[in-house]
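Peer 1: Those sequence lines, one after another, are chains D and L.
Using the working numbering, the first residue of the first sequence is number 1, and each one after it goes up by one.
Using the working numbering, the first residue of the second sequence is number 1, and each one after it goes up by one.
Treat each hint with caution, since some may be false.
The list treats identical chains as one, so a pair stands whether inside a single copy or across any two.
As the list claims (entries may be wrong) - Below, computed lysine to any residue pairings styled on SDA-like, alpha-carbon distance capped at 20 Å:
no., residue 1, residue 2
1, Lys220, Ser197
2, Lys209, Phe34
3, Lys209, Leu78
4, Lys102, Phe301
5, Lys220, Thr194
6, Lys302, Tyr196
Calculated from the structure, these hints are not laboratory results.
2 protein chains.
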Amino acid sequence: MGIETGDNQKASPRGGLVGAVDCIDSHPFFVEPFHVDFTGRIFLGVLGNHMLNAAGNHSQRRGWGIGALNETRHTWVLSRLAIEMNEMPRQYEHCEVRTWVKSVMRYFTNRNFSIHRADGTPLGYARSVWAMIDLETRQPCNLLTLYDGDILNYIVEEDQSLPLGGAGKGAFCPIEGHTSFRFREPQLLRTIDTYYSDVDINGHINSIKYIEHILDLFPKERFEQQSIRRFEIAYKAESYLGDRLSFYEQVVDKNETDIEVRKVAIKRGQDEEGFSTAEREQARPEVKTDGTVVCQAKVCFK
Amino acid sequence: MGIETGDNQKASPRGGLVGAVDCIDSHPFFVEPFHVDFTGRIFLGVLGNHMLNAAGNHSQRRGWGIGALNETRHTWVLSRLAIEMNEMPRQYEHCEVRTWVKSVMRYFTNRNFSIHRADGTPLGYARSVWAMIDLETRQPCNLLTLYDGDILNYIVEEDQSLPLGGAGKGAFCPIEGHTSFRFREPQLLRTIDTYYSDVDINGHINSIKYIEHILDLFPKERFEQQSIRRFEIAYKAESYLGDRLSFYEQVVDKNETDIEVRKVAIKRGQDEEGFSTAEREQARPEVKTDGTVVCQAKVCFK
Numbered sequence: 001m002g003i004e005t006g007d008n009q010k011a012s013p014r015g016g017l018v019g020a021v022d023c024i025d026s027h028p029f030f031v032e033p034f035h036v037d038f039t040g041r042i043f044l045g046v047l048g049n050h051m052l053n054a055a056g057n058h059s060q061r062r063g064w065g066i067g068a069l070n071e072t073r074h075t076w077v078l079s080r081l082a083i084e085m086n087e088m089p090r091q092y093e094h095c096e097v098r099t100w101v102k103s104v105m106r107y108f109t110n111r112n113f114s115i116h117r118a119d120g121t122p123l124g125y126a127r128s129v130w131a132m133i134d135l136e137t138r139q140p141c142n143l144l145t146l147y148d149g150d151i152l153n154y155i156v157e158e159d160q161s162l163p164l165g166g167a168g169k170g171a172f173c174p175i176e177g178h179t180s181f182r183f184r185e186p187q188l189l190r191t192i193d194t195y196y197s198d199v200d201i202n203g204h205i206n207s208i209k210y211i212e213h214i215l216d217l218f219p220k221e222r223f224e225q226q227s228i229r230r231f232e233i234a235y236k237a238e239s240y241l242g243d244r245l246s247f248y249e250q251v252v253d254k255n256e257t258d259i260e261v262r263k264v265a266i267k268r269g270q271d272e273e274g275f276s277t278a279e280r281e282q283a284r285p286e287v288k289t290d291g292t293v294v295c296q297a298k299v300c301f302k
Numbered sequence: 001m002g003i004e005t006g007d008n009q010k011a012s013p014r015g016g017l018v019g020a021v022d023c024i025d026s027h028p029f030f031v032e033p034f035h036v037d038f039t040g041r042i043f044l045g046v047l048g049n050h051m052l053n054a055a056g057n058h059s060q061r062r063g064w065g066i067g068a069l070n071e072t073r074h075t076w077v078l079s080r081l082a083i084e085m086n087e088m089p090r091q092y093e094h095c096e097v098r099t100w101v102k103s104v105m106r107y108f109t110n111r112n113f114s115i116h117r118a119d120g121t122p123l124g125y126a127r128s129v130w131a132m133i134d135l136e137t138r139q140p141c142n143l144l145t146l147y148d149g150d151i152l153n154y155i156v157e158e159d160q161s162l163p164l165g166g167a168g169k170g171a172f173c174p175i176e177g178h179t180s181f182r183f184r185e186p187q188l189l190r191t192i193d194t195y196y197s198d199v200d201i202n203g204h205i206n207s208i209k210y211i212e213h214i215l216d217l218f219p220k221e222r223f224e225q226q227s228i229r230r231f232e233i234a235y236k237a238e239s240y241l242g243d244r245l246s247f248y249e250q251v252v253d254k255n256e257t258d259i260e261v262r263k264v265a266i267k268r269g270q271d272e273e274g275f276s277t278a279e280r281e282q283a284r285p286e287v288k289t290d291g292t293v294v295c296q297a298k299v300c301f302k
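This is chain D alone, in the form it adopts within the complex (with noise of 0.2 Å):
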């Protein structure tokens, strides 16, 4: 694990600026008027958002973006998340957030965000997993080789001399890690199914209308009375526009609860040979089998 400090106008062969100032990226946000929940706070799926675009730049100012990696058959997968906040930024507030390359190993690499008001008070923080994967094999790839590892140089040492809660410019992210699930027999607590609006440009469902779907789950009195402490979910397997997706409850303490959501498998009639796709999906027998997990959750309200 490299750290570059000192020389923070060396460029890397990616063309990135490398050195831990230039490699902690600020993107400001203001929240919107549609953007908040009933309580005026933002929502997280808005935030979880908001740090998607952040890791995004991140990631293209230094060679790094979707685009450049298309060249190479590359993209990145977000594997896990886990969001941790103090206060939600509130409707109208201008806010930024800050986002690093936390560490790299062979497969992942951790990038780590922090949330602040436009002032610098910090109102939470969060850590993401993501994978490197091959379009064409679907494999991940050895980001350790990967264009001379140069994303080895974007590293920034994290500074726990900052205070807790600092609103200093360094990079700081006292969040627990993330958590290993496990489900024992977990209650289904709705089936839905999914339609233009929850796929992205791929065709997936999206990460963050995941997160919409599964605080869906909570009754209204849940938000009129607490607010979210932490959120965090894994991505397990891609689900894509038309499935049916089944949401698995777990509770694990009065303020905690465990989801699974699971893609019911269908079986689409691929035997039905010389019909249309529209008489076929009209024919098509909907045999339920045990579903795939999608993703899994961990809620904690406060």
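Given the coordinates of chain D, assemble chain L onto it according to the supplied hints.
Peer 2: Using the frame of chain D, we list chain L on its own:
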């Protein structure tokens, strides 16, 4: 209907600059990765959100924002929205929404929009109708007398001399007006429950979410083969978190579908005194009745 031109430095009593040029605002936006559909074009709901933000900022800069209005216990209510797009902005495009007040009547004001690429190329247009209501009585207010008719200072005369699709800075909105909906025997297509993510700060299902739910009625193939030419919606009544909404379809022709959204009325066991809220919820007899019409929409594909 007063039109102010010439003296662009004149300020109105509520602080807004008057004069045709100063009364057209530009609201830039960037098409983010999670804001595009599987064809790589911006979701209509996201575009609508940019338009509502542009409208909110335009009003706010002239002393008619909902913050200022709240002081006299008034607020804006969106009544109609019609959007016509020649071309939908693509992922990563920089665009802008321009907006101005087209006209003011006693109980309504017409606000128009044009949507452009950053280089000025027009991509589409929109019309909207807004009412001002008194927050106590929920009754519409007379816009011609409120704040001494200050809003009349901001009316912009549209420039019909602009070439069709002109990229100039003038106000121009060459699309059809709002439709009179006539539903005969619409067919029930889908019924949904509404959740946490559906509602805005007032606890109402938000205007943009209706657009999303309506477009979600159409199958994937529709968006693969066609794009939306015109989308129009008339908001008729409020619905709230937990309301069940039924979507009725009336096919006009192969490219045009009208949708009526009705709120399924559920008797909430008001007579069950002595129960807790939770018990009352459990005990409530779910008597469905003919629903109130919440909104009506027309979707035209091309």
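Peer 1: Provide an ascending list of the numbers of those earlier hints which the structure does not satisfy.
Peer 2: 4
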